[in-house]
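Protein chains in written order, with this note's numbering: chain A, 5 to 259; chain B, 53 to 516.
In short, the hints are calculated from the structure, not lab data.
Remember, it's a predicted structure, so these values are computed and weren't measured experimentally.
Just so you know, even glycine gets a beta-carbon here, dropped at the ideal spot from N, CA and C.
Take these hints with a grain of salt, some might be off.
[Claimed, not checked] Residues from chain A that face chain B, not an exhaustive set, calculated with beta carbons under 10 Å:
(1) N55
(2) G58
(3) I60
(4) D81
(5) R87
(6) N99
(7) L100
(8) L116
(9) D172
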Amino acid sequence: MSAAVLRNITKTYRVGSVEIAALRDIDLEIRSNRFTAIAGPSGSGKTTLLNVIGCIDRPDQGELLVGETTVGKLSDDALSDFRAAHLGFVFQSFNLIPVLTAYENVEYPLRLTRLPTVRRRARVLAMLEAVGLSTHAQHRPGQLSGGQQQRVAIARALAAAPRIVLADEPTANLDSQTGAAIIELLRRVQREHGVSIVICSHDPQVIAAADDTVLIRDGRIESVQRCGSDATRPAAGRTGPPTPAPATGRAGVQS
Amino acid sequence: MMTLALAVRNLERNRRRSITTLAAIVVGAVAILLFGGYTRNIRYGLQMGFVRSSGHLQIQHKDYFLYGSGDPAAYGIADYQHVMEVVRRDPVLAPMLTVVTPTLQLGGIAGNFDAGVSRTVLATGADVDGQNALRKWNDYGFTDNPRPLALTGTAPNAAVVGEGVARVLQLCDALGVRRCEAPDKSRAGTVVSDALPADLAALATAEAATSPAHQETRIELLAATARGAPNVASLSVIKAESQAVKELDDVYVALHLAQAQRLIYGGDPPQVTAIIVQLHHTAQIPAARARLQYLLATTLKGDPLEVQDYETLNPYYRQTIGFFAAIFGFISILIGVIVLFTVGNTMSMAVVERTPEIGTLRAIGLRRSGIREMFMVEGMLLGVAGSILGIIVALILAFLINHGGITWTPPGRVDAVPLTVRVWGETLPMIGVIIGLTLVTVVSSWIPSRRGARINIVTALRHA
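Bound-form chain A, shown alone:
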């Protein structure tokens, strides 16, 4: 089963009187239990695509299924609950809550899913153990290095056992060595926890580690490379060659 399926997704931003197409007619399947990289140059629409898959941005047109749920029909509250239960996020700037300890940061999404206290505690400790930070449970983000903070963020993203973890350039604020360690960690937890990870990056290390690579340019999917396949394939559901980059010069504003 697919982790997520996008059909004819279009997203346009308006900046003043100018409309900017961030995503154009995107069809894509995110496979379950795979490490999927979304790659592309700055402004190509990577982050917008990730935000749409992560249900934190609604497309203007098209349909998104996460698992078997058509998320476009959900209310804001239902969508929040859905994210809490099925999606995890890892951000470029870690985005830990600064007043909470590492333990509490990891615990937060579990509180949202109302997991009983005993099970919650066991789960938090397991997640911190998984990212190698069990000894830093009571440290606040300010007392942790960038790499450690990102590890806590990964533990938080995995805590509620989500269907998909979405990571937006998780190595961008880290040195290459720490970045490599984070990629390795993501790769490992993806395998161990059987979760789909969708990572948005132009870091060659990330692309190299990915099972599937989606190349996006000017808001269109240029190619999708699946593991076990040498050929460059168009996006799921499409026939014919990859969509060429638009010649109009209009491009997404986000990267």
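Let chain A serve as the given structure and place chain B on it in line with the hints.
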């Protein structure tokens, strides 16, 4: 639990701003409590003054309150001793009563023949023992020591006058009244012989001639009897007392009840214009009034009597309380608005600063209501902590003020009294301050929290 912990830690996170906001709330709470304590003291003081002089309730002849002042004889309570006995012996009323005493109000003309002056007066015939018992009432723990009625232990013809009366009747020197320079002769009080018809002047002169001895402070009080005929009582003024309010000071005469009754009713059975009923506590007024009305409708059915409370009898009390209540309300609203904007500004800044945090929490699944709750709990914590701290500071300041030896003369009083602010022991105002200021802070947090909750997640995350 997590929301509360988050709120506490976020307040600690920006300590300086939290302290500044807390300080505004504390100052507001202190101002409300101190001014409230001050007005409360005035209210209690005024109430005590009225209850000590005219009781909590008065039984009067029907319509006496509205129409009887011009003709007290027509509105007298004939069998007042019986009425008082019924009231005192009533098993429901008895536990509530402290004093039941009669009084007789009358209007007349007081004249000083030696000086050749007179003036209209409002005289009160008082039962001295009853009045002294009234003066012992102290339900609010005032530290003053009420003086006994000046008529205590005096001759039956003794009288006390207001300083204004003493001034007009030119008794200042004899009674030691201050601020009583010799009047301009052209504007001096009316000469009795000019003011009164010849027959009344002769009556007054005759009464004066029958007085046991010539006294420097003797006056004649002329009044109409119950039968409509003029009558004169020769009185020995033993003291001039300031009545605080000039209008009263200029007409006040107090004399023994028996003397007043003799003046109005002569040889007829004596009557009174009111029976003063004083209770242990002001809060007992509704119950006591209801019982009195029941008695008037049953046991005392034959007498056309009615019951008036001290607030009705003393409109000045209501006016003064209303005046202070208006000022207190105005100050409270002003403080509420200041706190509203201060906390609102603080929470708005917090929302702006924590926009990436809002985006993160929303992304990981916190609902909009969760964001609203987070900021409103912060506002509520500020309100609760600020008002509790305000109560503590107000208690300390009230203690210092109450023990600072500051005195002042409140409205309706003659002597200076210690400046007192009643904060300690006043639980309801304290709870009111906590609830009121907390509500204000929650309301002022609501708009910023709503704005925070409505921020687009993607936009919020871009601020990281």
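Hint check:
Checking N55(A) against chain B: minimum C-beta separation of about 5 Å stays under 10 Å; hint holds. Because the smallest distance between the Cβ of G58(A) and any Cβ of chain B comes to about 7 Å, under 10 Å, the interface hint for this residue holds. With 10 Å as the threshold, the beta carbon of I60(A) comes within range of chain B, its nearest partner Cβ sitting at about 4 Å, so the hint holds. With a cut of 10 Å, the hint placing D81(A) at the interface with chain B holds, because the nearest CB-to-CB distance is about 5 Å.
A least Cβ separation of about 5 Å between R87(A) and chain B falls short of the 10 Å threshold, and the interface hint therefore holds. Because the beta carbon of N99(A) sits about 4 Å from the nearest beta carbon in chain B, less than 10 Å, this interface hint is met. A cut of 10 Å between beta carbons decides the hint on L100(A): the least distance to chain B is about 8 Å, and the hint holds. The interface hint given for L116(A) holds, since its Cβ lies 5 Å from the closest Cβ of chain B, which is under the 10 Å cut-off.
The restraint placing D172(A) at the interface with chain B holds, with a minimum CB-CB distance near 8 Å, inside the 10 Å limit.
Checked against the numbered hints listed earlier, the structure breaks none of them; every hint is satisfied.
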